[in-house]
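Residues per chain are reported as follows:
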Amino acid sequence: MSDPNSSTAAVLIPHISIPPITLRRRVADHAMTGVAALTVVVVLVPLFAIFAYLVYKGIGSINVAFLTQTPKPVGEAGGGMANAIVGSIVILAIASLLGVPLGIGAGIFLSEYGRNRYGDIVRFVSDVLNGVPSIVIGIVAYGLVVLPQKHFSALAGGVALAIMMIPTIARTTEQMLLLVPQAIREAAYGLGVSRWRTTLSITLRTATSGVITGVMLAFARVAGETAPLLFTAFGNQYWNWKTDQPTAALSLQIFTYAISPFDEWHRQAWAGALVLIVLIVAAVAAVRIAVKHGTLAGA
Amino acid sequence: MSNQALPRPRFKAPEPDRGSKADLKIEARATPLLQGKVSEIPDAFFGWVMRLCGLAVVALLGLIVYQLVVGSELSWHAFGWKFFGQSDWNPVSDQYGALPFIYGTIVSSLLSLVIAVPLSIGVAVFITEMCPTGLRGTLSFTTELLAAIPSVVYGLWAIFVLVPILRAYVQPFLARTLGWTGLFSGPPYGIGMLAAGVILAIMIIPIISSITREVLTVIPQHQREAVLALGATRWEMIRMGVLRNARAGIVGAIILGLGRALGETMAVTMVIGNRPEIAKSLFAPGYTMASVLANEFTEATGNLYLSALIEIGLALFFVTIVVNALARLMVWSVTRGQPARTIA
Amino acid sequence: MGVGITVEHLNAFYGKNQALFDVNITVLANHATALIGPSGCGKTTFIRCLNRLHETIPEARVEGKVNIGDLSVYNGTSATQLRRRVGMVFQKPNPFPTMSIYDNVAAGLKLNGFSNRQQLDEVVEKSLNHAALWDEVKDSLHKQSGAGLSGGQQQRLCIARALAVQPEVLLMDEPCSALDPISTGKIEELIFQLKEQYTIVIVTHNMQQAARVAEFTGFFLLGKMIEFGKTEKIFTNPSDKRTEDYVTGRFG
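Chains as they are written, first to last, in the numbering used here: chain A, 1 to 299; chain B, 1 to 344; chain C, 1 to 252.
Certain hints may be false.
[Unchecked claim] Restricting the straight-line Cα-Cα distance to at most 30 Å, the calculated cross-link-like pairs of lysine-lysine (DSS-like) are: (1) C/LYS92 / A/LYS292; (2) A/LYS242 / A/LYS292; (3) C/LYS143 / A/LYS292; (4) C/LYS233 / C/LYS186; (5) A/LYS292 / C/LYS138; (6) A/LYS292 / C/LYS110; (7) C/LYS233 / C/LYS195.
Simulated from the structure, these hints should not be mistaken for lab results.
Here the structure is a predicted model, which means the values were calculated and not measured.
The shape of chain A in the complex, shown without the other chains (with noise of 0.2 Å):
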């Protein structure tokens, strides 16, 4: 038997000594440190800076006239987007009536009842939709409905950012279903209550934060878009109450104001920013409240 503590085993194993921790390993090492930390920096100037300039560009501007006035022709001063917001609203209000459905069916169906070939493929599917560049789908809202239609409307616009939320908001609900034990399913079926009852009732119910939280980061993203509105709504300068008309959008407004050569349409195009940003935000804060407000102590 051999003797661990022999010599043998000191010659098996030379004697190196470690060095201690160099000098440039620990300045690297709180360089690199540094460096992360710039980049933080670096990142979130942007982001202060937009928002500081949409406030100090956009507030003086935003007045009563602004809030209810149509555009006033090229050239003259004053007018609004009152247009804008309402024909924002009406688009938005289409959309969701198509897609949130839509996509929390869609939703159902991968939870509960696309654990299988068929659900992956509708999976797979879905997240390659939400890489489609929004103007191609504006592109095949256009084919879809404003070609057989021969005009543009505001039904095209709600098709075309109706399509853009339904991968999203299938996904996010397939997540939150998941996330309900089955333990909770199994209770109500032990109580003889229909399958349909159960993901209905119970399921989606006890899951319903999480997905109206998805429900708003959707509609928070194509609130925003203006690339498919652009040859679907089309924008209009006045006031449109038909779903069969051109209608303005606050983006579009945006956009055509800002690429024109005239300080005055630029005032407003800054005042119709932060304007599309407070609403954005106001939407997603507001349902978020009445979320919080309808659940129950120790829920």
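Dock chains B and C against the given chain A, drawing on the hints supplied.
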């Protein structure tokens, strides 16, 4: 039965302590409350409606492909593959070549990656590995706020704030220092490829950074501990124990950012200059596939014009799909099937 | 009144793996029957076959005959119909987290279309009384969520919820294993009372519990039912050596 050392237990069931509940009387039930047969039809109906919703998603994709293919047929028959190799874009003479737009899309996207990738990875590494836990939530929330800003607002800010800065300070500086490369020559308009690259970079940083963060968080703690146990500094631990393992996922995040940059329309349109020319200098104006669609679709007189534009749309669609699919595969290989968070 | 259960030649499978082998049992009405055995022996699979929850697992299937009262479980009755007459209490309390205590108890009735408010109030109160929970929650019925109660209270809430639909059989899958001794004691007391109105089948890991609450006991091992009989006999004079080994603690 058997002769064990263990004595067989002789325990009688003990009486439960009835105590105060002895008077709890459970009365006999009268008629049962739930009567009537259960129909299977509503369940089947509901199931089919849900399956239809799932099918609708697939149908949507089919619709998109159909619209694009049918719409671009005219142009395809007229030009074939040469469409993507020619640089002559002339609506007057009905000659269409998409090369300038392809060039513009690639250059602006690559430029944005060059700027965005180091910044995004730096932010991700700082938030997940270096920053104090208290700050983590606030920092990640603020970087994600960047993702919430609409494209047109980015464009607005770019026109009136970014471009003047580029024109007055950045471009002259670049021309002086790096002008010899040929990349920074020509008059500093401000508007042009460089502006497009910069604003695109700002827009894709949130995506790359947040997916990278996800990928880094998934790396198990014991990997980090293993490297530290060998006597490494924190940066060395990050390099060897985290970034190394997350490589595939980070590449995936970058490619996802690329996918987003390729399809980005409004902000780019507002600052790129919209000139269908191929130039070496980054100061020169350019044109991307998405921008030409935005600008000229509603102006397209003539079927061939429209068809050419739709063909560009088809190409854009195809490229973004392939890029996104590749990216998700790489991210999935690291996070192993945990559902990718959908980015707002 | 409760009804009896007869099980003949029951075999259960998870995909290709067989979990139950030719189980035959007769459960007497208005008695409590305990099922004991080491982990993984098939007792939970068995009672999940009784209310057809087993088949909700993908690729799971069942062969054999089960009759609950005059109802043939696997031949011609819809699963939903069956589950209205067989109630279940699960191992880990699972009240519906987004519903109040009242709504939890009323859930089974409401979801089956029952809407008469007065009768619902009555049923909820009675069920909570039967579950020995009424006094503790009667003031916060509508304000507190089902998930906001303690573990023992949650389990009693689940029992009340199961009782509200007035089943004839109550299946309990280790109802006390996640609870502290005091809550366990309360629930065992409850089972003793409930026997008079319902037929109870209780799966338990705890032999003393079986001895305390059940008149009959079945011993399961590796998917087979080894022995079934009066509790006293199983614990003091078992016929099968394996039973004896288990109850004397030689394994499991």
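Quickly compare the C-alpha distance for A/LYS292 and C/LYS138 to 30 Å and report which way the hint goes. 25 Å, holds
For the pair supplied as a hint, A/LYS292 and C/LYS110, confirm whether the alpha-carbon distance does not exceed 30 Å. Distance ~25 Å between A/LYS292 and C/LYS110 Cα, so the pair holds.
Assess, step by step, whether the Cα of C/LYS92 is no farther than 30 Å from the Cα of A/LYS292, and give holds or violated. 27 Å, holds
Is C/LYS233 close enough to C/LYS195, meaning Cα to Cα at most 30 Å? Between C/LYS233 and C/LYS195 the Cα gap is close to 20 Å, so the pair holds against 30 Å.
Agreement of C/LYS143 and A/LYS292 with the hint, judged by alpha carbon distance not exceeding 30 Å: Holds: C/LYS143 and A/LYS292 sit about 15 Å apart, inside 30 Å.
For the pair we were handed, C/LYS233 and C/LYS186, check the Cα-Cα distance against 30 Å. Cα-Cα ~26 Å, so holds.
Check the hint pairing A/LYS242 with A/LYS292 against an upper bound of 30 Å on the C-alpha distance. 36 Å, violated
Of the numbered hints stated above, the single one contradicted by the structure is hint 2.
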